[in-house]
Amino acid sequence: MAVLTFTLSEEGVTAFRDALNCLSKFSEDVSIEARKDSFFLSTMNTSKSAYASFRFATSRFFGRYQYQGTGPFQEKFFCSMYIRGLASLFRSRSGVESRSEGDKQSIIDRCDVAIEDGEGIKSRFIARIIFRNGLTATHRLPFEVSMPVHAKFNKQEALYHWSISSRTLKQLVDHFGPGTEYLDINTDGDHVNFTCFSEKTISDDAVLKKPLHTSIAVETDEFDDIDVEDKLQIVVSIKDVRAITQHAAITGNAIVARYSLPAKPMQISYSGDAISCEFLIMTVGERGGNPEKRTKKVRKGAANKGSNSISKAMPHLEETSRRGSSTPSQTMADIQRKQAASPSMPPPSSSRQPPNPTPRLSAARASASRIGAFDFRPSQRPPPPTLRSESLFVEDEAWEPVRDDDEDADEDARLEWDHSADPVSFPLQIVEIMTRG
Amino acid sequence: MAAEVKPVFRAVSTSPRPLYQLLRCIDFAQRVHVQITEDGIRFAADNSRVMQGVAFLDKTLFSAYTVNFPLSEDGETPEYPNFQIPLSTFLEILQIFGSVDMAARAQKADQDPYRSNFRNYRPSAFSNQTLGIPGTCTMLYAEEGDPFKVTLEESGIKTTSALSTYLPEMPEDIPFDRNDLTFKIIMSSRTLFDCIAEIIPAGPVKLTITATKTSPFLTLSCAGDIGSSSVDFARGKDLLETFTINERWSQAYKFDFIRHASEAMRIASKVSLRGDSQGVLSLQFMVDVEGGKRSFLDFRFVPFASHDDGDEEDDVESEAYD
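Residue numbers (my numbering), protein chains in the order written: chain P, 3 to 439; chain Y, 49 to 370.
In isolation and in its complexed conformation, chain Y is listed as follows:
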């Protein structure tokens, strides 16, 4: 291959922080499925085919974004490159950013032991990032089978890493029927986060989400080792921006899976909860990223089969406060 051949994909970002923030939200699987399209890169994480998280990095997040897809056999539609990379490694690489600052801070902390380490994670007013001397992050995928190269440049230090790419497993998306929605709720993502935080102390295993036409509209409930907890919106209908529902809907999910999405709940501004008639739950998060852009994170969850846990579900329901 000659050097003048354009790489399949090349993207440059001058503010890699949003990339890190978004990708961290789906950091629950070892490997993440990457698909490169003209509009952006799609990272999909999958957990045992019952939970799926997708982060889509729109090309507007990058300052330069070029693709050069090889044409398929018939010479018509280009084939989107598909591969897998280890996500945690990728995140670690992105974290190199700011490490110059971190080193400076660590040095400062050494010199001044009385400096509180309280909120140390906060960027200081004099970090490179705050001062507008950001680094750049270049992602390069030369051709199929090549490693996914990430080059970070910051304060004159250049780090190049090459991530091995793996053959795509091509997991199918969890089937979610957009045309057969039972309910759709849009609310502040923070509220959902608070609801989850409220029931965490109960040590739940299973989270039951119930949407009803009438009060209490939406209930999250669980039973754990030290008791049961539930959060409802009986008095808080105003918190639900959009509330459309066809019929009563109640499904139970593994709490740990839902909790994997809590990072997304934390950084997002809005969330759209949707449930289809099969019980699949879709959580779509709208994240406001730096520069007034918006990105979306998409989670899907498969419920517990309702026939084999009917008893417990009844139990939770019967415990719901009047």
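Just chain P, with the same shape it has in the complex:
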């Protein structure tokens, strides 16, 4: 007995393929969840730092969609499948296309899918692909009935958001080199900076031990809508972002990102034709000096004014995030932080660091990158914790060309190149640091 049957047109097959391709960049398995009126594909990566879901509008996306749940699947059906197997069914048959001159435009007439499960029936995902030329291919894939894990995102807590055309974002992301790991998103007045960098070293022999560090400043005009705390650095995995933007660019619609503070999940969502896509990725990063100051360009709706009280509570939240361990407390979703964990692992060179690593350390290393700041050797020496959220210390460290572990932090600051655009404010900050320290 088929629990679920649906029909995909050729465009549907293509859309399915795109979605599966995107999902396969997160995990090896995909969860299918079907109800009478909804169909989900979702996955969560093994480190549980990223979650992707695609929701298909059953009435518009599918040529025919019939859900006949019985027994345990009365309300909804769910299963988990191997993505590679599934994706091979919906793969592009362009090889066939290029050779037969007759029907170049379309090869697949339709694709009938039936999911069979129940007592005495083999659990099979049956895809029957009917080709234009008359061939019929039937593929049967086994699946495992397992409850999908969904990550939840609390929009109320997401203070900041921006939206941008997916094509624009993809163009930006295309600039980032293959060896990079993290993407730092931060704002600086009229600009939003996308900085891509890596924490791992290529080889010990190389002079530049870290691969290309790319920074792109985007004017806020490029964004449809933006409301972000100034100098808030949010760091996410570039691999995830790349996977998302590649798929989003196919739909061509605007991407909306919502997030609050580092170590809280970031939601990236967009909608395609009859598909809505949502991704939750874990963030690390750190705040700039000025929680009150916002980079804003609102086209619709008023800015969220009541955010300051929450911002005040932030140093505490940050601190937990900076410890970089897998603290379960602050996360809304049951997502662990891969990104948070990896920068916190001390690189070999940091073995000589002071025995009292402050919470500051991991975040400083993970995010000590700003526009125009080459982070060849982030300082191993954390500044006094009291300065943490007020100072712009990160900027200073980032320009340290040579690390010297014996120097103290204040000296570091003075030895660096001042790359700041505002030459006046910089010394003032140092004075501030010194007086406070």
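Read the hints as simulated data drawn from the structure, not as lab findings.
Do not take every clue at face value.
Okay, the calculated bits of chain P under chain Y, using three or more residues with CB under 8 angstroms as the criterion [said to hold, decoys possible]:
1. 78-88
2. 220-229
Lysine-lysine pairs mimicking DSS-like chemistry, simulated, CA-CA at most 30 angstroms apart [stated by the list, open to error]:
3. P:Lys124 <-> P:Lys157
4. P:Lys124 <-> Y:Lys302
5. Y:Lys54 <-> P:Lys124
6. Y:Lys261 <-> P:Lys124
Glycine included, every Cβ here is placed at the ideal spot set by N, Cα and C.
Take the given structure of chain P and dock chain Y to it, following the hints.
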């Protein structure tokens, strides 16, 4: 032996590309059995006596083709020369053709690193071959026991290679009873190729071919690691040009063997599938070669013995979609 004695076999080809194309299709055995006749050369490759591929190079493919067979004892019927040569080496030699072009192209690619290497294998519009300055390929077999000499001449460069010949093993052809055919299907070879390509992702080990009188007429099915797949012609009877069948026929073959024939499926225009009552499958490919000529490739496959895999076969069948 005096120099004036005519060689046993001498053939000259001005367009060796078809030779290469055809021989590449049977490149699954180390050595290939060569038999020279008045009508052409027959190359037969054999894999463990369960798969056989034969490429016949008709003498019309050559611009000059002379044979001078020694007479047999009774002085009546000439003996056809029989020997074995390593096929991959022979193919490599034939590939020397176009190497001048390749070198030129490589040089160009060096100079222009931005030149895409996408579809680099395609002959460019200015290659010697396209411009009609082809090389010549001369094959020479002087006498029994001599090496098989291949001389290639292109753009003033002459390459002579001598392939050691081995004593023929004389493997018998896989017995295929033409008079006891269970079915015969002729269709576009491309369709068969697509069918095979469709089920490859399932990672099959065994391919079951089923021909039935009624729909779905012809089914290729397999079960692999990540699921099972099948392709049928239920709606595609028009794809089958000729369809004659006596009774239901179903046999399983090792998928890898069938896949060895995929190169032939790719270049051929038509394929004739035939199965005899013993389960031997014959695939005959008609290949249109340059100059409007036709060549044939012949493959034969021995099926898995049906008694020891009865269970699995049933399994595949029971999974066939209604």
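Hint numbers contradicted by this structure | Violated hints: 2, 3 and 5; rest satisfied.
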